[in-house]
Structures are given as C-alpha cells and as structure tokens.
Amino acid sequence: MTFQEYTQYFETLLHKSAAEQNAPYNNPDYLEYTKLNWARMHRWLKTAHIEEALSDKLKEIAEKQYWIVITEPWCGDAAHSVPFIEMAAAQNPLIRISYELRDSEPFRIEQYLTHGSKSIPKLIIRNEAGEDLAVWGPRPAGCQQVYDELKAANADFGQMKTAIQQWYNKDKGQEIQRELAALDSFRKA
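Just so you know, we're using the working numbering here: the sequence shown kicks off at 921 and counts up by one.
This list has only true hints and no planted wrong ones.
Simulated pairs of lysine-lysine, PhoX-like, Cα-Cα distance not exceeding 25 Å: (1) Lys955 - Lys966; (2) Lys1092 - Lys955; (3) Lys1081 - Lys955; (4) Lys955 - Lys936; (5) Lys1071 - Lys1081; (6) Lys966 - Lys1081; (7) Lys1081 - Lys1092; (8) Lys1092 - Lys966; (9) Lys1071 - Lys1092; (10) Lys955 - Lys1038; (11) Lys1090 - Lys955; (12) Lys1071 - Lys1090; (13) Lys1092 - Lys979.
Rather than coming from a laboratory, the hints here were simulated on the basis of the structure.
Fair warning: this is a prediction, and the values are worked out from it, not measured in the lab.
Please model the entire structure based on the sequences and the hints provided.
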C-alpha cells in the first residue's frame, strides 16, 4: 500500500470503538496506542525535516530502489520512524516505497525477524532486481540500547514505554537519519 493508503487505514481505526475492531484493535490498550501514535506520527510529519547529510546521500542514488516498510499503527517505534523513512524516500524519484502490515499477508516479516521476534518497523531496501541492498529496524541503535538495558533490568512496560518515548522526543529523528545515511544501499553510480 502507499503511504496515503496506510494513513487512511490508520485513520479508519481511530473512528471505531474497540468493540467494533478486529484484533488487536479490539483491545482498548491497543486502540489507545494507535491514537497516541497517530498524533506522534503527524507531529513528526509537520515539524521534522530531512537533514542535509541524508538528503545528499539520497540524491546519490542513481538506480531504482524499492523500499518496503513493514509496520502496524499500534507500534510506537513506527510512529517515530515511519515519517522519517517516508520523507527520506521522497528525496529521490528513483525510490519507490510501499507499506505492508506486519500482521497481514504477505507476512514478509517472517523473513526479517530481529533476534527471533517480529519487531517493527522494518525497512527493506531492494534494487530493481528485487535483491536486498539493506535492512533497517526496528529502532535506532541508541533507542535499542535503552530498550535492552530496561529489559535486562526487568523494567515494567510502563517504564519502558516512557523511557523510549523520552528518547525519541530528545533525539528528534537525528539518529534514524544518520543510520539511513550510513546504509550500504547509498552508492554512487
């Protein structure tokens, strides 16, 4: 699906009660995460910009690329990363981007597990022949470090959620942009 189709799907979830939803959105907690993520994603889309270093790297791409983003509206990490991925892809007309839901066909996430889990978002960058050039996700390394430390300390979900949200707010999309710029898929012709 396109980004517009993804956001339309996302928005339809917001206009139904939990009782009207399919799993996992029939769980009021997931529906609340989705509402928060809608606001977070749109805040980034309104206030964020692509830094010059990443923009320059994206302009170096001289062959068609196909970017696949595996995500779900309930995913907090996706709310912070997907806007930057979408804005990055828009920097070069040779990049075509599509969105897939983790929990729906084609279940591509099964091929891109993170330590055995279906962690999202996941960005897969392919060349025109369909070969993987790079894979990124599910979160920037600095945020992953916070997550890993809290998990090792047996922090509860609320503590983890708060700490990760604070990390994203402080970082303002800088690390994801540095990581995207460092991917091997950006090479000159």
